[in-house]
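**Student:** Read off the chains here:
Number of protein chains: 2
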Amino acid sequence: MRLTPSIVNEKVDQAVALLEEFEIDAWLTFVRETTEAGDPVLPLILGQNLTWQSALIVTRSGDRIAIVGKYEDDAVKSTGAWNEVVPYVKGIRQPLLETLTRLAPQTIAVNYSLDDVKSDGLTHGMFLLLNEHLAETVYGGRLVPADRIIRALRSRKTPSELERIRKAIAVTQQIFGEVSEFAQPGRTEMEIAEFMRGRAAGCGAQTAWDANQCPIVTTGPDSMIGHGYPSAELSIHPGRIFHLDFGVMLDDYCADLQRAWYVPAEGETAPPDDVQRAFDTVVKAIHSAADALKPGVQGWRIDEIARTVVTDAGYPEYQHATGHHVGRAAHDGGGVLGPKWERYGRTPFYKIEPGNVLTLELGIENTGGRGYIGLEEMVLVTDTGCEFISTPQTILPMLEY
Amino acid sequence: MRLTPSIVNEKVDQAVALLEEFEIDAWLTFVRETTEAGDPVLPLILGQNLTWQSALIVTRSGDRIAIVGKYEDDAVKSTGAWNEVVPYVKGIRQPLLETLTRLAPQTIAVNYSLDDVKSDGLTHGMFLLLNEHLAETVYGGRLVPADRIIRALRSRKTPSELERIRKAIAVTQQIFGEVSEFAQPGRTEMEIAEFMRGRAAGCGAQTAWDANQCPIVTTGPDSMIGHGYPSAELSIHPGRIFHLDFGVMLDDYCADLQRAWYVPAEGETAPPDDVQRAFDTVVKAIHSAADALKPGVQGWRIDEIARTVVTDAGYPEYQHATGHHVGRAAHDGGGVLGPKWERYGRTPFYKIEPGNVLTLELGIENTGGRGYIGLEEMVLVTDTGCEFISTPQTILPMLEY
Chain A
2 MRLTPSIVNE
12 KVDQAVALLE
22 EFEIDAWLTF
32 VRETTEAGDP
42 VLPLILGQNL
52 TWQSALIVTR
62 SGDRIAIVGK
72 YEDDAVKSTG
82 AWNEVVPYVK
92 GIRQPLLETL
102 TRLAPQTIAV
112 NYSLDDVKSD
122 GLTHGMFLLL
132 NEHLAETVYG
142 GRLVPADRII
152 RALRSRKTPS
162 ELERIRKAIA
172 VTQQIFGEVS
182 EFAQPGRTEM
192 EIAEFMRGRA
202 AGCGAQTAWD
212 ANQCPIVTTG
222 PDSMIGHGYP
232 SAELSIHPGR
242 IFHLDFGVML
252 DDYCADLQRA
262 WYVPAEGETA
272 PPDDVQRAFD
282 TVVKAIHSAA
292 DALKPGVQGW
302 RIDEIARTVV
312 TDAGYPEYQH
322 ATGHHVGRAA
332 HDGGGVLGPK
342 WERYGRTPFY
352 KIEPGNVLTL
362 ELGIENTGGR
372 GYIGLEEMVL
382 VTDTGCEFIS
392 TPQTILPMLE
402 Y
Chain B
2 MRLTPSIVNE
12 KVDQAVALLE
22 EFEIDAWLTF
32 VRETTEAGDP
42 VLPLILGQNL
52 TWQSALIVTR
62 SGDRIAIVGK
72 YEDDAVKSTG
82 AWNEVVPYVK
92 GIRQPLLETL
102 TRLAPQTIAV
112 NYSLDDVKSD
122 GLTHGMFLLL
132 NEHLAETVYG
142 GRLVPADRII
152 RALRSRKTPS
162 ELERIRKAIA
172 VTQQIFGEVS
182 EFAQPGRTEM
192 EIAEFMRGRA
202 AGCGAQTAWD
212 ANQCPIVTTG
222 PDSMIGHGYP
232 SAELSIHPGR
242 IFHLDFGVML
252 DDYCADLQRA
262 WYVPAEGETA
272 PPDDVQRAFD
282 TVVKAIHSAA
292 DALKPGVQGW
302 RIDEIARTVV
312 TDAGYPEYQH
322 ATGHHVGRAA
332 HDGGGVLGPK
342 WERYGRTPFY
352 KIEPGNVLTL
362 ELGIENTGGR
372 GYIGLEEMVL
382 VTDTGCEFIS
392 TPQTILPMLE
402 Y
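Chains as they are written, first to last, in this note's numbering: chain A, 2 to 402; chain B, 2 to 402.
Any given hint could turn out to be false.
If several chains are the same, the list does not tell them apart, and a pair holds so long as it fits within one copy or across any two.
Stated by the list, open to error - Think about it this way: if two alpha-carbon atoms lie no more than 30 Å apart in a straight line, the pair counts; the simulated DSSO-like pairs of lysine-lysine are:
| # | residue 1 | residue 2 |
| --- | --- | --- |
| 1 | K71 | K352 |
| 2 | K91 | K285 |
| 3 | K71 | K91 |
| 4 | K341 | K352 |
To be clear, the hints were calculated from the coordinates, so they are not data collected in a lab.
Just chain A, same shape as in the assembly (with noise of 0.2 Å):
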């Protein structure tokens, strides 16, 4: 999809500053094939797709070089973003070492990381491909990874970033209202699916992530949590919980909210008192994450505060992070609000920064074998603290029906 290119050019001047930040004198992305093997960084600054080798080159002094493809110059200088375009027909071997040579870079941040998924878009048989490149040259032995550069660019939101996610977390709120008129006893996960994603499209929007398990649905203990499908057997229930994890993505930003309903059983007026106590120590964890969320801290102290909080209750540890950046990407790049777990590498000892947008999101499971109680919400980090950007979701509505 093509970006206005107001924010490409904004991202891209972004990643100048950030070179000098991070006193890196070049960043090169390699790539091919996009359409298929995308590099996670490409929409940000370039917002289309390449075919052959290609490699995007910006540098602390300000250059911004793209070497591609014949045919693909037009298109990439139709960005704007980019103020030199070398096209090449038969390798780009030649023209790419041709500018490295002009530009005499120190050090060349390529896209790598072990940690950051979203900073690790170079394959390693590109990886391979460029030290081939760059094997007669001093500049196979200059490549550094970019993942601290690109990790920035993301996580830093822009403003014109900022504006479309919380038109995205506007759109997914009005969505969750509307689905809780039409929920009601017998409706089937797949039903309640297929009428959110209708809506969605109805707004212009895509889901935020695979439409396939987007949003999930859970109707009780039966229902698959975590990244499941819908089922078309499981319906909403009376004295169980109906509960959704849903955005959308709207002019390529995403929303990531969870929320809940009770289903009241014939006669029942108000939740159950375990549903209502594990409800009140989710919205309790959230709301004690956020009052710690702040810049300098580092994303495992924040998942810590609301893990205790559930631990401290008595309920069994969530098996997850408490938190991750959105924007782009539903799991957007830049470190995650999580436990110190292998799984998570690095990525928890990040520090939070202005201009984050992150999750606060926790659940307990199988509350008195009536299904999932869980939350999600969307926070922006500012210089002194965070303030939330979805509608906090603090009260458990049973569902009118």
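Starting from the known structure of chain A, arrange chain B on it as the hints suggest.
**Tutor:** Below, chain B without anything else, positioned relative to chain A:
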């Protein structure tokens, strides 16, 4: 997008047979957060996304083991293609090492390739991480590239895959018919593109590549050719060539075809001689290539045959390959029918095999100042030659208006 299980099962079966054919003990697809950083092979062997570090292991003796993050195990099981699904919570290292120790493979193929992008799904960061996981074991030294396996898996189409490709071709050809009614002088390239995308959506199809560049529309010498964008200013014009490069993706399988029309000026009853001669040369080049296309031949030989027809007729050499595989992607993996240029790496040397589906495509730029004449057909390689599976264009029609 989730496939019907049948194709995923067919492809995983095929993978087991390929391991035997190539004498490789195990094939490991190692991925994370595939929504944005997907391995191109994943849709063939799983058909859904994975979030945490995940290992899909196929062995020569028929094991199909998926080690995935908890919460995704149920979804993976539901494909039916993986008969052992191992969920983990904190980190993949231990279950991965236990599994490898049990299987004790002498060779482990992993997904990287210098040449074939569709076999190069392992990122460099993930390659480093895998080596960290295997550091204290014998298995780190047993990694080999999986490119032969993936190339064969992608490019030897199963009957179900062929059926889907034929349907995508049928819909694409139907839309070419419809747009030839819609097209008339004054219609802009953008209007043509929007009409075709609308028709694709109406047929339940997506575009076979990035919708902003699908179709590629050219209306005369000022249009961007190759991978450009349709213009909102340029329009179909009498005395010029109207040309489209387009394909739909239907049920995850693609078509990729080009068609051309001559737009008569007042009083013209046939295309001008120079346009007709260019068109006839393109047809002749494509059919000469098809006549030579058969199993065992290297791709560059087919390219040379078509290219020579064009240059012998006195036209400049076209600056792209004569053909590529088509399947789940418009540019599918498995080699090109292309010249021995650096940018194609070793892919022109791969041999053609039965069951391959390839394009034959080429064009002549700016024919007599009237625009771009290009055609693209699709063929299926049989045991002894090839057959057209598109209905080849052999006549240059006059656009009726």
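**Student:** All the hints need checking, so say for each whether the structure fits it.
**Tutor:** Checked hints:
no. : hint          : verdict
1   : K71 <-> K352  : between (42 Å within a copy, 27 Å between copies)
2   : K91 <-> K285  : between (61 Å within a copy, 25 Å between copies)
3   : K71 <-> K91   : within (9 Å within a copy, 47 Å between copies)
4   : K341 <-> K352 : within (14 Å within a copy, 49 Å between copies)
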